[in-house]
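Asker: Keeping the supplied structure of chain A fixed, place chain B upon it in accordance with the hints.
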Amino acid sequence: MTADRPMIATAPRRLLAVILAAFAALISGAVMFAAPAGAATDDIATDCMPDASTTCVSPIVLDEEHDPVPGVEVTIAGEGFEAVVTTTDEGPVSVTVPVRGTYTLTVNTDTLPADTHADPAEREVRAQTGSTARGAFTVGTGPAPSPEQTESETSAPAGDAGPGAEGAEGLVENDVNVSSFPSFGQIWQQVGSGLRFGLLLALASVGLSLIFGTTGISSFSHGEQVVIGAMGGFLLINRAGLPIWVAALLIIVIGGLTGLLQDVAIWRPLRRRGTPAAQLMLVTIGLSLALQYVLQWIEAGSMRIITSNPIPTTIAGITLSRASWISMAVALVVIIAIAVLLTKTRIGRAIRAVADNRALASATGIDPDAVVRIVWVSATGLAALAGLLIGISFGSFTWNLGVQLLLLMFAAVTLGGLGTAYGALVGSILIGLVVELAGLVIPSDVRYATALLILILVLLIRPQGILGSRERIG
Amino acid sequence: MEELLRVLTLALGELLAPATAAYALAAIGLNVHFGYTGLLNVGQAGFMLLGAYGFGISTIAGAPFWLALLVAMAAGTLFAVVLGLPTLKLRGDYLAIVTISAAEIIRMLGRSTLFDAQTGGSAGLRGGDYKGSFQDLSFLPDGRTMIGPLEYLNNGSDSWWTRLFAWSLVVLALLVVWLLTRSPWGRVLKGVREDEDAVRALGKSVYSYKMQALILGGVLGALAGIIYVLPGAIAPDAMGRTMTFWVWTVMLLGGAATLFGPVLGSMLFFFVYMIVRAGMRTDLMEFLPIPAKNVDHVAGVLVGVTLMLIVIFRPQGILGNKKELALDAR
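Chain order of the listed sequences is A and B.
Heads up, the first sequence is in full-length UniProt numbering, so the first residue is 1 and it goes up one at a time.
Heads up, the second sequence is in full-length UniProt numbering, so the first residue is 1 and it goes up one at a time.
Honestly, the hints are just simulated from the structure, not real lab data.
Worth double-checking, as some hints may not be accurate.
Derived coverage of chain A by chain B (criterion: at least 3 residues anywhere in the stretch with Cβ under 8 Å from a Cβ of chain B; other residues may be distant) [stated by the list, open to error]:
hint, segment
1, 269-282
2, 292-299
3, 402-410
4, 446-453
Calculated Cβ distances over 12 Å to all of chain A for the following chain B residues [claimed, not checked]:
hint, residue
5, Leu5
6, Leu67
7, Leu140
8, Thr145
9, Gly148
10, Glu151
11, Leu172
12, Leu180
13, Arg182
14, Val188
15, Ser205
16, Tyr209
17, Leu259
18, Thr282
Idealized CB from N, CA, C, for every residue including glycine.
Pulled out of the complex, with its shape left as it was, chain A reads as follows (with noise of 0.2 Å):
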């Protein structure tokens, strides 16, 4: 912090070009505003096989000796959705769920053996995609206990983050199993899944890195614009019902129109200035909350991109969705292209010399200003189309993606190097391996948290990560 630096000057037309393009790029991110959907009741059949892409929940009932007691009715209903099941004494009955998300498990008392009654009468179970939420009752002789007896609790004080909390977490699928040692075909299987999660996000932490290379600014608003183009494929696919690849280019062209806008409205305008990288970060920090508002605002549930069924195909043992290996494919030759791009063309070179030397790399007749626009532009397009494969792959996600992905996109940028290029993808494709694999022996809840692990660690041994330099940590 250097007290002589250049004095911040301030313009009120400037002001005004700031909050007029900041609510902009706000808007043309969302889109549109629509109405929210209708709560579908699909069909039930009462045999769900988890898959990839299919969430189930099953009720038990079981009677004091754990034999299942048949012919009582439970009530599951939830993400606005609703179905009564009878239980058979064959097995367990599973029922498909449209969305991942809470349900609550009720059983109809008066279904009951008489006599009798279940503890509890209700039970809440998460359930995620590819596995099945069991909730177990115990049908137990005698009345039911009486309730625990529930204090009334105030709310939460009005300074309250309210609808700025946290939900649940943006994107969770493919629950394994944890309790016995992983076998060859579970871990092949996820690093299928891990290399499908590592390709997506090398797509948008690329960006990321680039952006920190050619500008210095960690941006923390990367996150919101990876939900912008996941945001994108809901509003455009789901509900205004175009082509996947007409909605995928747009999609890709208004991420990219964010960026140009950001750029031409507040980024270089600071860079004008001299605005050190600090203050910069925490423009970025305003500019995800403001983003994280207006996502909330266009949908605070979940959301679906494609609805109709995933179809399940096995490549070499590995088995995901369909929409899972199109999106591993396009993300694939994107990154390629990537590659190619800064590798053999003028403006890939260009690129990477001012992220190597800026001063340097304007002494040799590139135009920084011109290069970082390109970068802003190519970052938050790409950060979008990442986003719409993230949200076809996934199942669904809320707008709450964006935080975690932004951990995982900066302990990936990390690993691999700050502020280099080859160093997301590498970085990336190992954080998505390690994050999938973890999920084997953790909980699957937790184990974006061995991301963070990875992160401390490096900066522990190598704090320039896989393909950094040394110069660039001081």
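Answerer: Just chain B, lined up with the frame of chain A:
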């Protein structure tokens, strides 16, 4: 007119609300990090959540109030050390990246099924389970008291006693920070912020000073977490990234590197925030095309835009000195 008075009373209530005190205290801690030392901590909510858990879980386990308070402070210290060890020798961005990730991980672990027995999972901990030892400390007589337009119970969750305790803690923190920053120790901190190499040349260990600042601010954050959950419950999802960003807004609004900036920032922030939210719901604002259910979203967007504008146009905030705060933290 009656409507206006109601909004104004609500907003006045926010000035003294425990949450306002919690944010003020968290911002005082962040001010030690960022304002005085130049550390970019983007995970203050993680410190707060850890403090809340430390207090809540140890109280439920049977610890007396003061011990629970110490447990929370120890949790904040430990968190600061774990985050500081790998990052404080590197450039400021790394601390930012690690803190935001770590705060998110704390929230994730808190709401996961792994520690369900201790943290209550995503449902959190009920306030009634851990508030008893705090409320027993109250020396106020039972009943209600009205001061000006504000009326609360003397004892209980959302009470005068909670407010008294919360703001006493804030005053105590202000005193500590004031004494420390005008001491030789505080001058070294500012030196670290201004020019690390110069401080190093004087034979001081920059790393150790940064670590001490990170711990001090983190402990204040943990205490703020306790205040935040005393009137309500511990809900991990309410103490995520958004909360961190709000603490930043509060601190930058009042003025980083100033003693009273965080307190002023917090009071002003929640006063205006309540006026905006309650105001948009009144009949006077019917011409605005904003449905009542989206008022909070609009207010949230405004907070984000405000943060951007403060950082761009007035990084020193209301009370700050522009020359002192050039915001080029390392």
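Asker: Let me make sure I understand: some of the numbered hints might not hold for this structure. Which ones are they, in numerical order?
Answerer: none
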